[in-house]
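Put together the whole structure using the sequences plus the hints.
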Amino acid sequence: MKSISSSGENHGRKISRRFFLLASAQIAAAVLVPSSVLATPSEPKTLRFYHTHTGERISVDYSPETYKGSMRRELEYFLRDFRTGEVHRIDRRLLDVLTTIQHNCGSHSCYEIISGYRSAKTNAFLRKKSSGVAKKSYHMQGRAMDIRLADLDTKVLRDLAIKFNRGGVGFYPKSDFVHIDTGRKRRW
Amino acid sequence: MPAVDGIASEEDLARAMADHLECYPVELLSFKDQKPSIASEDVCLATIYHELGAKPLWVSVDGPGMRAEIIARYLKYADKEGLDPADYQVEKIEGLWTDPSLESLAKLDTLLTYNMVKYIHDVSYGQLKSYMVNPELFAEAGERGFDPLKMVETILATENLDEFFQSLPPQHHQYRGLRKGLLHYGLLKYSGKWKDLSGTESIRPGDEDERIVEIRKRIALLENDNKEISKSAEPSVYDHELLKKVVLFQQTHGLVQDGIIGRNTIQELNKSPEDRVDQIKINMARWRWQDHGLGDKYILVNIANYSLYACKTGELKFSMPVIVGKFQHQTPVFSDKIKYLELNPYWNVPSSIAVNEDLPGLRKNPSYLVEKNIRLFSNWQKDGVEIDSTAINWKRVTPSEMARFKLRQDPGPTNALGRVKFVFPNHYSVYLHDSPAKRLFSEQKRSFSHGCIRVSEPEKLAVFLLDEEGSEWNIEQIHDLISQGKRKVLKIRLPVPVHITYQTAWVDKDDEILFNGDVYGRDEKLYKALIIK
Chain A
6 MKSISSSGEN HGRKISRRFF LLASAQIAAA VLVPSSVLAT PSEPKTLRFY HTHTGERISV
66 DYSPETYKGS MRRELEYFLR DFRTGEVHRI DRRLLDVLTT IQHNCGSHSC YEIISGYRSA
126 KTNAFLRKKS SGVAKKSYHM QGRAMDIRLA DLDTKVLRDL AIKFNRGGVG FYPKSDFVHI
186 DTGRKRRW
Chain Z
-4 MPAVDGIASE EDLARAMADH LECYPVELLS FKDQKPSIAS EDVCLATIYH ELGAKPLWVS
56 VDGPGMRAEI IARYLKYADK EGLDPADYQV EKIEGLWTDP SLESLAKLDT LLTYNMVKYI
116 HDVSYGQLKS YMVNPELFAE AGERGFDPLK MVETILATEN LDEFFQSLPP QHHQYRGLRK
176 GLLHYGLLKY SGKWKDLSGT ESIRPGDEDE RIVEIRKRIA LLENDNKEIS KSAEPSVYDH
236 ELLKKVVLFQ QTHGLVQDGI IGRNTIQELN KSPEDRVDQI KINMARWRWQ DHGLGDKYIL
296 VNIANYSLYA CKTGELKFSM PVIVGKFQHQ TPVFSDKIKY LELNPYWNVP SSIAVNEDLP
356 GLRKNPSYLV EKNIRLFSNW QKDGVEIDST AINWKRVTPS EMARFKLRQD PGPTNALGRV
416 KFVFPNHYSV YLHDSPAKRL FSEQKRSFSH GCIRVSEPEK LAVFLLDEEG SEWNIEQIHD
476 LISQGKRKVL KIRLPVPVHI TYQTAWVDKD DEILFNGDVY GRDEKLYKAL IIK
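The listed protein sequences derive, respectively, from chains A and Z.
Numbering-wise (the working numbering), the first sequence opens with residue 6 and increments by one.
Numbering-wise (the working numbering), the second sequence opens with residue -4 and increments by one.
These are calculated hints, taken from the structure and not from any lab test.
Source: prediction; values computed, not measured.
Any given hint might turn out to be false.
For lysine-lysine, the following DSS-like pairs were computed, each having C-alpha atoms within a straight-line distance of at most 25 Å [said to hold, decoys possible]:
no., chain 1, residue 1, chain 2, residue 2
1, Z, K87, A, K190
2, Z, K266, Z, K440
3, Z, K332, Z, K504
4, Z, K504, Z, K75
5, Z, K75, A, K190
6, A, K73, Z, K87
7, A, K190, Z, K184
8, Z, K190, Z, K266
Example chain Z residues on the side facing chain A (calculated, C-beta under 7 Å, incomplete) [unchecked claim]:
no., residue
9, D57
10, M61
11, T93
12, P95
Note that the Cβ used here is the ideal one computed from N, Cα and C, for glycine as well.
This is the structure:
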C-alpha cells in the first residue's frame, strides 16, 4: 500500500457520469426529428379580459404556440400603460399562469385587469400617491399583472396564484385584486 | 423603447444575430488554449454558433419560446442544487426577457445558450471554478472534455426538456437528502444575531449557566419547536429535558454523546443556519464530482465520519465504524468495484513504511521484524531470496537500499491487514481490510491509517459482498475458511461498487440530515473556492 501524502481531494474515475450523458445524447439523437412535429401543441384556451380602467374587452384563443404575430400585438396593446399609451412586450409566462388558474377553478368569467404594463413615468407618478408601489416594479418590464375574476372570491384567487405561479404573488384585499409576476417566488 | 413595436421578420432577427455574433469571431477558435472551452464565454459561443449558423436557437421576433422558458427556469432556481443563479447571469437574462428590440433578442439568445451549457456542465460534473482556483486540490471538479456544441445539439433534439434537466444531478438518496436539507436550513429563521457562545467551562446536567438560555433557543430552532422556550420554569438550569435534546444534537453532529456541553459541542452550537447552508452546498458540490448513480448493491465509505454503509436496492442494510488515513496520509476519494477478497492475507509492507518506520526500528532492535512476523526478501521480484533480518547491520543500510528490500508479513493474528482484505485494484493502492487493533474502532475520531480503510466487522462485509442469488454465504462459512489459516482468494462474481467519499453533511435512511467534523480540513478550502466571491 503506497501512502497518499497529497492533501488534495484526489478523485478517481467518472465513467458512469460520462456514460450517462453520452447515453442520454444517443437517446436524444434517436429522436432527431424537429420537435415541432413531435410536440403535441396544447389545445388553445379562450382567455377573456376586461380592463377596469379603459373599459376595453378582448378575447383570445391562447396557447404557447398561438401567441405570436397579430394576437400577441393585440394583447400587448390591450395591456398597454393606459395613462401614457405606451405598449410593451408582455411576458408570456403570465398567460400560462392565467390559463392554469382558470382551468383549475372552473371559472367561466373574464379576467379583470387592474394594471398591466406600467411605464417608468407612470410608476413614478403612482409612487408619489401610494406607499405600496415598488420602485422597480415588474410591471415596468411587462412581467406583472394585477388581476381578479368576477365569479371568484379574490382570496381564493390568491391561493390559486400562490399554487400555480412560480413567481411573486401579492394580495390587496381592499382594492380587491391579486398581483402576479414572473420574478422570484415571493408573497405578500 | 418604441411606443409601438414594429413588425420585424425572422430574417431581420437572423441579421441581428449575425451582427451580434461579430463579437465572437471565428478566429477565437484558433486561440484555444489548455483551458476547457466553457471557461470562456467568447470561445464557447464562437464554437456553437459557428457550427450551427448565425441564427437564434431559443428566441423569435415574438420573444423567448417555450424552450427558452424552461432553460431560464432551471437557471433561475439553480439555488435548489446549491448553485448560485448569479453564476448563470440570471438577472441579465430576466432583464432582457421582455425587451423586443432585435439587438436584445440576439443578446438574450446567446446568454441563454452559454449559461445553459455552463449550468448543464456544473450540475453534471461540478463547477469548474473549484478546478480553476486550485487544479491540484480539486482535480476532479468539472469535466475538461465537456463539449458545449454537442450539448446544444442534444438539447435541440430533446423532446422533454424538463425531464432532461431533472435527470442531470445525482439521483441517489444522499444527494436528494442534501437538497431537502438545503431547503430546510434555508428556511430556518432566527430572531437576533447568532453570535458565539462564550466561556470555556463545560456545562454538566444540573448546572446553572446563563448560556443555557441561548442553547435552549438554538436547539428549539433546530427542532422546529417554538414552544420550547416557554416550557421551562428555570431557563438557565440544564435540566433533564434539555439533556435529552443535547444528546440528540451531539448524535447528529458527530460528537461524543455524553450530554456534557463542552468545547466541541459549543463549537457546533455556534454554527448558524447560514453556516449549515454553506456546508450542505459544498457537500452537494462534492457529490456532483462523483458517480451520479451509486448502483443497486454498493458500499459507501464516508471518510469524514469514519463510517462504512452497505446498501442494497436503495436500502441501508448496515453500517460499521472504519478507520481512515491520518492527516499526513489522507484516504483518497474515488469510486471503483470490489472484485475479490483475500482471507488470511499476506501484507506486503509499502516501501514508505519500510523506510520511515521499519528501518529506524531495526536499527534499534535487530529482532524488530522477527517479532512482527515480517519476512525479508532481497528484492521485489519473484526470484527474491529470503534473508535473515537479524544478520544484517541495519545501521549501514541507507533508505534507498531499504526501499529495494521486500518485506512481507505472514498471515496471522497480528497481521496488519487482519484476517480479510477487500480488493479493488486502483492506482492509489488503497483497499479495505480487517485490523488486529480492535480497540481503535471505539475512538470518536479514527484517522490512524496510512490511507487504507480498516473495517471493524470484516466478516459481515464479506458475507454482504459474496452473498447473492444462487450463491448464499453466511458468517460461519467465513469463519471456517479463516480458521484454516491459509490464504484464500474469493472472487466476487458481480463486482460491487465502492464509493469512497468525503462528506461532512449527509443523510441517514430516514432522510435526517447529519453533520460531522472536517478531519482533513477540506470544507474551508472548498468553501473559499466555491462560495466566496
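Results of checking the hints against the structure:
{"no.": "1", "hint": "Z:K87 with A:K190", "verdict": "holds, 18 Å"}
{"no.": "2", "hint": "Z:K266 with Z:K440", "verdict": "holds, 20 Å"}
{"no.": "3", "hint": "Z:K332 with Z:K504", "verdict": "holds, 23 Å"}
{"no.": "4", "hint": "Z:K504 with Z:K75", "verdict": "holds, 21 Å"}
{"no.": "5", "hint": "Z:K75 with A:K190", "verdict": "holds, 13 Å"}
{"no.": "6", "hint": "A:K73 with Z:K87", "verdict": "holds, 24 Å"}
{"no.": "7", "hint": "A:K190 with Z:K184", "verdict": "holds, 18 Å"}
{"no.": "8", "hint": "Z:K190 with Z:K266", "verdict": "holds, 9 Å"}
{"no.": "9", "hint": "D57", "verdict": "holds, 4 Å"}
{"no.": "10", "hint": "M61", "verdict": "holds, 5 Å"}
{"no.": "11", "hint": "T93", "verdict": "holds, 4 Å"}
{"no.": "12", "hint": "P95", "verdict": "holds, 5 Å"}
In this structure, none of the earlier numbered hints is contradicted; all agree with it.
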